[in-house]
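Chemist: Next come the chains, spelled out residue by residue.
There are 2 protein chains.
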Amino acid sequence: MFKFDRFNSIKLTSVQIIVLFYMIAVTVSTILISLPIARKPGVEWTLLDAVFTAVSAVSVTGLTVVSTADTFSVIGVFILAFILQFGGIGIMTLGTFIWLMLGRKIGFRERQLIMTDQNRNTFAGLVDLMKQILKLFLLIEVIGAIILGIYFLNYFPTWQEAFLQGFFASVSAATNAGFDITGESLVMFANDYFVQTINILLLIFGAIGFPVLLEIKEFIQHHKIGETFRFSLFTKITTCTFFTLLVIGAILIYYFDRENFFLGKTWHESLFYALFQSVTTRNGGLATMDVSQFSGSTQMVQSLLMFIGASPSSVGGGIRTTTFAIALLAIFSFARGRQTVKVFKRELDPEDVLKSFVVISVAIMLCGGAVIVLSHSENFPLIYIIYEVASAFGTTGLSMGITPELSNTGKMVIILLMFVGRIGIFSFLFIIRGKISKDPYHYPKERVIIG
Amino acid sequence: MFKFDRFNSIKLTSVQIIVLFYMIAVTVSTILISLPIARKPGVEWTLLDAVFTAVSAVSVTGLTVVSTADTFSVIGVFILAFILQFGGIGIMTLGTFIWLMLGRKIGFRERQLIMTDQNRNTFAGLVDLMKQILKLFLLIEVIGAIILGIYFLNYFPTWQEAFLQGFFASVSAATNAGFDITGESLVMFANDYFVQTINILLLIFGAIGFPVLLEIKEFIQHHKIGETFRFSLFTKITTCTFFTLLVIGAILIYYFDRENFFLGKTWHESLFYALFQSVTTRNGGLATMDVSQFSGSTQMVQSLLMFIGASPSSVGGGIRTTTFAIALLAIFSFARGRQTVKVFKRELDPEDVLKSFVVISVAIMLCGGAVIVLSHSENFPLIYIIYEVASAFGTTGLSMGITPELSNTGKMVIILLMFVGRIGIFSFLFIIRGKISKDPYHYPKERVIIG
Ligand SMILES: [K+]
Ligand SMILES: [K+]
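In order, the protein sequences belong to chains U and B. Just so we're aligned: the first sequence equals residues 1 to 451 in full-length UniProt numbering. Just so we're aligned: the second sequence equals residues 1 to 451 in full-length UniProt numbering.
Heads up, some of the hints might be wrong.
If several chains are the same, the list does not tell them apart, and a pair holds so long as it fits within one copy or across any two.
[Stated by the list, open to error] In the SDA-like style, the derived pairs of lysine to any residue whose C-alpha atoms are separated by at most 25 Å in a straight line are:
(1) Lys-40 <-> Gly-183
(2) Lys-342 <-> Glu-215
(3) Lys-342 <-> Leu-354
(4) Lys-345 <-> Glu-227
(5) Lys-342 <-> Asp-352
(6) Lys-345 <-> Pro-444
(7) Lys-342 <-> Leu-366
(8) Lys-135 <-> His-223
(9) Lys-265 <-> Ser-377
Hints are computed from structural coordinates only; laboratory data are not their basis.
Between the sequences and the hints, there should be enough to build the whole structure, so can you do that?
Modeler: Pasting the structure below:
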């Protein structure tokens, strides 16, 4: 019994354990993709490249220092798909499932772990929630794989190739991984609106957040039996922000490139290019064109969108949509002279407002620092670096093509950003955070002059 | 009487009146510098150039679309020096002085105006304060002008030229205006450590904030008669931040350019180059070298320093040192799990913490938006644009040389940034702010997931 007590007394916070789990996942993934069987014959790479690929896969970012198509064997592709699945749906979700399969009861400590990973702040039906997430996800991915597999028979010579491509594309899109085994993302489907539409739907499904999906499911269930269902404030804010960013993103991309990339394109070409390149910044990271063709302003708009990222409790990264929305609402309320932040006939908790600002500030410092360091260590134009940093922190995976040419310092910075982006700034802060202290003493308050 | 009542009922807030005063100052300045007598013969410029120069002078930024040395006559130089004085010490300070000279009592409304301009949050001795500020400032400037004037006899052929240069240099440095009539900032003094030291002292004097200067004065007075004097929390925070930024800035500038600009330079050359180019980003805007020679990382560090800017209630702009410091302290406290922000044995008011984050967020949105717009309207490398935007918002006036070549859109964006940078984000928000509402109704609180 002594040993168990000692183990308990280590008192790792749940966030620290999550981080540890991610670390283990990265290590295992690095070993798996480093197996000779995972690579095509004759392909060599460094340990740093393997770690980079593993972090990129576990965090479902999709930035790559090596071409996935040229490097991985068919077995390697399946291993990669498994890692994406694992990283995308969340290590904890899968962990729960494994516990359930083993018939073990989920204890308080494990439940706490899951809650932190998916940011759910209520205990109710947690195990059930995890099951639902996994079932829903696998269902959508299978449907996506079948539709794309059948459709890809037009594109690829053999049915094996078509279904392998369809399977990987579906998993990569639903988990918002942004990896591709076509060798050129979705550029070959630039004029295939069917493939793009399927991809947009899968991308939105992964990035909109699990709580939203589950509430939509509950809404449908309630609706069937004639009951009313109130969506949570969280779902309302995150969904509105998600689609607003999507539309504004597409408009800005079109506006800033109307006399450049969109010159001479038909309205439907322009619509799909702008829409897809906006959707993909939420978290997808797939692209139907070479983003380095865009103008600098568009690239900056995309960087900003990637920095904001996806919904909380989704497969995505960045500061998250709610964080951005709440900061905006707070600024608006403040400027209007209001003492509380009101939205959708609810009031926000001041602590959530403070949290949002802390998350944004730390994220800006982190990304700003990374840009300065990379400007020093790399030899690329500034916008290439900003774009790469935003993409890594948003775990988006779009790139203007500099990833394979990064120096070792550059690769390590990007690895750190992908990691922090995926676990979230909030968890990142928790790593260094001890127990919340009870403020045993107080000092007098004193006001200072601001701004 | 009816008319007076109607006038009162317009109910402009004091910040809106301040903004109005600045607008009037800009208009009058534009007219003054547009007078034919202010220009050298044969020099032509557009109205936009005149407005740009007027805003740059009133906000003591120092960005110029025309060369001050080539454009202004001797009378023009004196007009410009007067505008810098007026803008630097604050329209309200000078306004108070005029009121006093006219023998009028200062009423509550006027006092409120002054308080907002200088951000003082106590009523005591306000008129006295203004007098002290003005006296102190003029004294320092006269001393600076005499020292530099005498010293410049070594540099300029006639004593008139030497003292005109000395006078303008002293006013430009003390008001942190960053204008020069040498035609090349302080580059000709790159190896003259005496001129640089005098300039550094004048720059710090202007940028460190009036409350700090007055408290130092009070400290000395108390010390003489053997009493103890407690510096305010504000003075402690802003002074520490000011000098920390100064030192860290110099170190980072040296570090990122040690194999570029500083290559082959002696230790004292390196020290003065790094130190001066760090001090000048607080708000000075003078330079002893062409900043476009620096590496990209150094330019970004400088941009960041300019964005942070000077102390509140100083001649400077940006988000202000206290804002930056309080956000950092809050993040640190938050990460450590503390419920209050403690510093120098005092606790910060949660409202000041929120204010800081609001100011920083709005500033980032404003500058980020400006960078995106300028990337679209101008044809310069991104770092040139970021540098110019940070310089305008920080009312610093450093430039990599693109100011005269800006498009009309570009000039208008920079004008807006200089204006907002000088009045401060907080006042900027107040423009759209009505009266603080008493929250007549409440909604239920609901928590959401952040980050
Ligand atoms: K991704
Ligand atoms: K300046």
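Chemist: Each hint should be assessed against the structure and marked as holding or not.
Modeler: Now for the hints, and whether the structure bears them out:
1. Lys-40 <-> Gly-183: Result: close within a single copy only, 14 Å intra versus 64 Å inter.
2. Lys-342 <-> Glu-215: Answer is within: at 22 Å inside a copy they meet the 25 Å cutoff, but 41 Å across does not.
3. Lys-342 <-> Leu-354: The answer is both: 15 Å in one copy and 16 Å across copies each meet 25 Å.
4. Lys-345 <-> Glu-227: Result: close within a single copy only, 21 Å intra versus 56 Å inter.
5. Lys-342 <-> Asp-352: For Lys-342 and Asp-352, both the intra-copy (13 Å) and inter-copy (20 Å) Cα distances are at most 25 Å.
6. Lys-345 <-> Pro-444: between (36 Å within a copy, 8 Å between copies)
7. Lys-342 <-> Leu-366: between (30 Å within a copy, 24 Å between copies)
8. Lys-135 <-> His-223: within (22 Å within a copy, 75 Å between copies)
9. Lys-265 <-> Ser-377: between (38 Å within a copy, 22 Å between copies)
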